[in-house]
Amino acid sequence: MSVLTDEKLPAAAVAPPRAERRRPSRRPRAPYAFVLPAALLFLAFYLIPLGYAIYLSFRGAKVSGGGGYGTREETWVGLENYANVLTDPELLASLGRLLQYGLITVPITLGGALLIALLLDAPRARFVTASRTAIFAPYAVPGIIASIMWGFLFLPSTSPLNAILKSFGLPTLNLLDSSWVIGSLANIAIWGALGFNMIILYTALRAVPMEIYDSARVDGCSEWQIAWRIKIPLIAPSLVLTSLFSLIATLQVYSEPTTLRPLTSAITSTFFPLMKVYRDAFTNDQINAAAAMAVVITVGTLVASLGLLRLVQGKTNGDER
Amino acid sequence: MKKMLTTVGSVAVLALALTSCAGGDAPSDNPDSSSQEHVDLTWWTWWGTAQDMADKYNASQDRVTVTVENVGGGTEQFTKLNQAVRAGEGPDLALAEYQWLPSYLTAGVAKDISEYVDEAKGEYNPAIWNLVQLGDGVYGVPLDQAPMLYIYRADLFEQYGLEVPTTWDEFAELAAQVRTIDPEMYLSTMPAQDAGWFAGLSAQAGAQWFSQKDGVWDVTIAGGAGDKVADYWDGLVKDDLVLTDQYQTTEFNTRMASGQLLSLPTGSWFATGMSVFNGAPDTVGTWAIAPLPTWEKDDKVSFQGGSAALVTTVSKHPKEAAEFLTWLGSQEDGQRAMIEAGGNFPASNPGLDVYASIPLSEQRAAYKQEDFHEILTEVAGNTLEITWAPNTTIAFSNYVDEIGRAITSGTSFRDALSKTQAAVVADLESSGFDVK
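These protein sequences, in sequence, are chains A and B.
Note that our numbering has the first sequence beginning at 1, numbered continuously upward.
Note that our numbering has the second sequence beginning at 1, numbered continuously upward.
Hint data in this document are derived by calculation from the structure and do not stem from the laboratory.
Misleading hints may appear alongside valid ones.
What the hints assert, rightly or not - Restricting the straight-line Cα-Cα distance to at most 27 Å, the calculated cross-link-like pairs of lysine-lysine (DSS-like) are:
no., chain 1, residue 1, chain 2, residue 2
1, A, 166, B, 238
2, B, 300, B, 121
3, A, 62, B, 419
4, B, 436, A, 62
Claimed, not checked - Computed spacing ranges between beta-carbons, pair by pair:
no., chain 1, residue 1, chain 2, residue 2, range
5, B, 296, A, 62, 34 to 44 Å
6, B, 76, A, 170, 32 to 42 Å
7, B, 182, A, 62, 33 to 43 Å
To be verified - Heads up, incomplete: computed chain B residues facing chain A, CB under 7 Å, no partners named:
no., residue
8, 105
9, 108
10, 133
11, 192
12, 253
13, 254
14, 258
15, 393
16, 407
17, 408
18, 410
19, 412
20, 432
21, 435
Note that the Cβ used here is the ideal one computed from N, Cα and C, for glycine as well.
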């Protein structure tokens with residue numbers, strides 16, 4: 001530091017305390033004003049309904065008066081709905097199925113997305129734009145439409161796969177029966193989500209400065225080593241982001257199994273947790289039990305997401321040390 | 001920061017308070033509105049030709065105008081109606097399949113209209129009126145009915161020299177025989193996603209799913225004759241003698257169209273409605289009906305579906321609404337309008353007379369059968385009195401799940417029924433009903 005700066009310091013340090021007290025009123029209000037609409041919408045369409053759902057979960061509909069056909073009225077029931085949800089064997093079974101589904105979907109989606117992003121980023125990759133568009137295209141297909149199309153591709157009587165097998169005299173497959181159905185559902189999800197995740201990772205890769213690769217090649221790294229030791233660690237934040245998206249999407253899977261339900265007996269109305277919430281709320285007209293289950297799923301998703309972030313941050317910190 | 005939060009919070013609360021103030025109107029305190037003013041009624045139904053029926057009524061008098069709205073079929077409307085009425089809005093009238101009426105009652109949706117419809121009671125078979133008289137009140141007006149019968153491909157039966165089964169033993173033998181004729185052909189399917197179908201067959205065998213005495217419910221989904229029916233179909237499915245396709249699905253329609261499905265025990269709506277025309281139009285005219293196979297000679301049959309219409313508790317004109325329903329459901333003109341527009345098999349006795357006098361349209365599955373009307377009238381005259389519970393929805397959705405599981409994993413149908421029974425009883429008790 002120069003002598004001049006040192007001489008200026010005492011003047012600044014001696015600034016009167018009154019100026020300090022005036023500072024809060026000079027803090028810019030504009031950012032808060034910009035955030036206000038989003039905050040209001042968040043409050044109105046997220047926090048308030050969430051609060052209402054929690055409120056509903058503590059109430060239940062009971063019949064008042066005797067006779068076989070009383071009218072159900074809503075009363076306070078405390079933790080009864082939660083007790084029913086947590087002791088329901090169906091919940092454990094649907095979580096088990098969700099785990100199987102997640103173990104297939106998430107690794108293949110992310111692994112595939114990472115692999116394709118790395119391949120597209122490799123120096124001698126060709127037809128990059130065309131491949132990118134083609135792999136991303138399935139994401140543009142709405143989930144229900146995709147499920148219906150895949151449903152017909154899986155259904156034994158309309159499946160082209162079975163037509164081919166039959167023409168070779170091989171036994172036909174029912175890709176919607178109980179041994180295949182989770183894999184088939186995972187297939188639909190992977191098909192739709194892989195492109196989206198690939199784009200996120202590819203964009204992150206593109207943002208890495210080229211000098212790092214140049215210096216790595218000078219040091220004698222092969223392309224494979226560059227990918228493994230440089231690219232992947234550098235896009236770690238994007239990987240965390242896509243993992244989080246995939247985890248949340250898996251926990252909330254609903255539209256694919258519901259669309260395929262009429263086509264097969266293997267998918268029950270409580271196949272995955274969110275389906276049970278829908279069934280209780282709307283088909284069975286038991287909105288309080290559904291609210292309790294929805295709250296349980298939300299808490300579970302929150303715990304899983306925070307757990308994932310905690311785990312990843314722990315790892316990142318470890319690397320830095 | 002604190003100031004900003006308080007401002008945001010108070011604005012939000014204020015906004016919310018204002019929206020809740022602008023709620024719906026309260027229902028009119030005077031149900032018998034003046035007979036001078038014009039009355040507009042809305043009717044929620046999924047019947048495609050319902051507006052034609054309403055138009056006939058609108059043309060026959062000028063005080064009341066009925067407008068039809070289609071908000072979705074079956075369970076979709078069930079959900080929407082419950083939520084709409086709870087919000088204080090909703091239509092004046094709604095179509096309600098008989099098995100959902102008690103649920104609508106306990107949800108506070110169906111209004112007791114006994115004071116308006118007492119004269120209509122005499123126009124119906126007691127078994128049908130029993131479906132709308134719940135406890136001490138009347139909660140709907142029957143419009144059509146669907147007794148269970150047996151529909152089969154008359155042309156293919158003749159081609160292969162098959163005899164129409166009259167008992168369930170004959171049915172099982174025929175199912176085995178059909179499998180030997182062609183490996184792709186099946187005598188029938190057990191619609192795995194239709195609980196009403198199974199409940200109907202169970203009732204025919206002597207085990208009604210629900211019954212009520214002095215305010216106490218008795219649930220017999222499993223046990224007794226229900227197990228006999230469960231074991232019967234369990235055997236047929238496990239030996240690959242029948243399919244498990246649900247009707248109105250692609251699989252089912254494909255098989256119907258290609259002659260791989262020969263017959264079906266089902267409600268009469270399959271024969272009187274458009275299912276075959278929509279699913280396999282080339283087979284229209286090749287079907288014929290017969291009475292359902294029985295266990296004992298004089299077994300009565302149950303219903304599978306069929307609908308009444310209810311007046312909602314939020315209707316401002318229950319008297320006019322009930323009058324429209326009485327016209328449509330029990331008077332000759334109304335039932336004629338229903339039959340001519342939709343081809344529904346009517347619930348009332350005057351309606352049955354009208355139905356017998358109108359030739360079947362060429363879009364109905366069995367229109368070439370000469371004794372169609374005689375057989376249908378015979379079937380309709382041989383029906384049981386059945387009861388549905390306030391949580392029939394839960395019984396049905398549990399049944400579908402459990403049977404689906406039993407089919408895919410090969411476990412017994414009896415166990416599936418026991419599990420359904422346990423869930424239904426537990427739900428009735430937790431709602432506060434008395435169960436035996």
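Evaluation of the provided hints:
In summary, the hint linking residue 166 of chain A to residue 238 of chain B is supported, as the alpha carbons are separated by about 24 Å, within the 27 Å threshold. Note on residue 300 of chain B and residue 121 of chain B: the hinted pairing holds, with a Cα-Cα distance of about 22 Å set against a maximum of 27 Å. Proximity of residue 62 of chain A to residue 419 of chain B is assessed by CA-CA distance (about 23 Å); at most 27 Å being required, the pair is judged to hold. Restraint check for residue 436 of chain B and residue 62 of chain A: satisfied, since their Cα atoms lie roughly 18 Å apart, inside the 27 Å limit.
Here the CB-CB span from residue 296 of chain B to residue 62 of chain A is close to 42 Å, well matched to the stated 34 to 44 Å. Our hint of 32 to 42 Å for residue 76 of chain B and residue 170 of chain A holds, since their Cβ atoms are close to 41 Å apart. In this structure the supplied range 33 to 43 Å is violated for residue 182 of chain B paired with residue 62 of chain A, their Cβ-Cβ distance being about 56 Å. Because the closest C-beta pair between residue 105 of chain B and chain A is about 5 Å apart, less than 7 Å, the hint holds.
Given the 7 Å rule on beta carbons, the hint for residue 108 of chain B holds: about 5 Å separates it from the nearest Cβ of chain A. Residue-level restraint check for residue 133 of chain B is violated (minimum Cβ-Cβ distance to chain A is 11 Å; threshold 7 Å). Here the hint on residue 192 of chain B is kept, as its CB sits about 5 Å from the closest CB of chain A, short of 7 Å. For residue 253 of chain B, the interface hint is violated, the least distance from its beta-carbon to any beta-carbon of chain A being 10 Å, above 7 Å.
Residue-level restraint check for residue 254 of chain B holds (minimum Cβ-Cβ distance to chain A is 5 Å; threshold 7 Å). Evaluation of the residue 258 of chain B hint against chain A yields a violated restraint, the C-beta minimum of about 9 Å exceeding 7 Å. Annotation: residue 393 of chain B was flagged as interfacial toward chain A, and the flag holds, the nearest CB pair being 5 Å apart, inside 7 Å. Hint status for residue 407 of chain B: holds, given a least beta-carbon distance of 5 Å to chain A, under 7 Å.
Interface restraint check for residue 408 of chain B: the shortest CB-CB distance to chain A comes to about 4 Å, inside 7 Å, so the restraint holds. With a least beta-carbon distance of about 10 Å to chain A, the hint placing residue 410 of chain B at the interface is violated under the 7 Å criterion. Contact between residue 412 of chain B and chain A, as hinted, is not supported at the beta carbon level, the nearest pair being about 15 Å apart and thus beyond 7 Å. Evaluation of the residue 432 of chain B hint against chain A yields a held restraint, the C-beta minimum of about 4 Å falling below 7 Å.
The interface hint given for residue 435 of chain B is broken, as the beta carbon of that residue sits about 10 Å from the closest beta carbon of chain A, more than 7 Å.
Hint compliance for this structure: hints 7, 10, 12, 14, 18, 19 and 21 are broken, all remaining hints hold.
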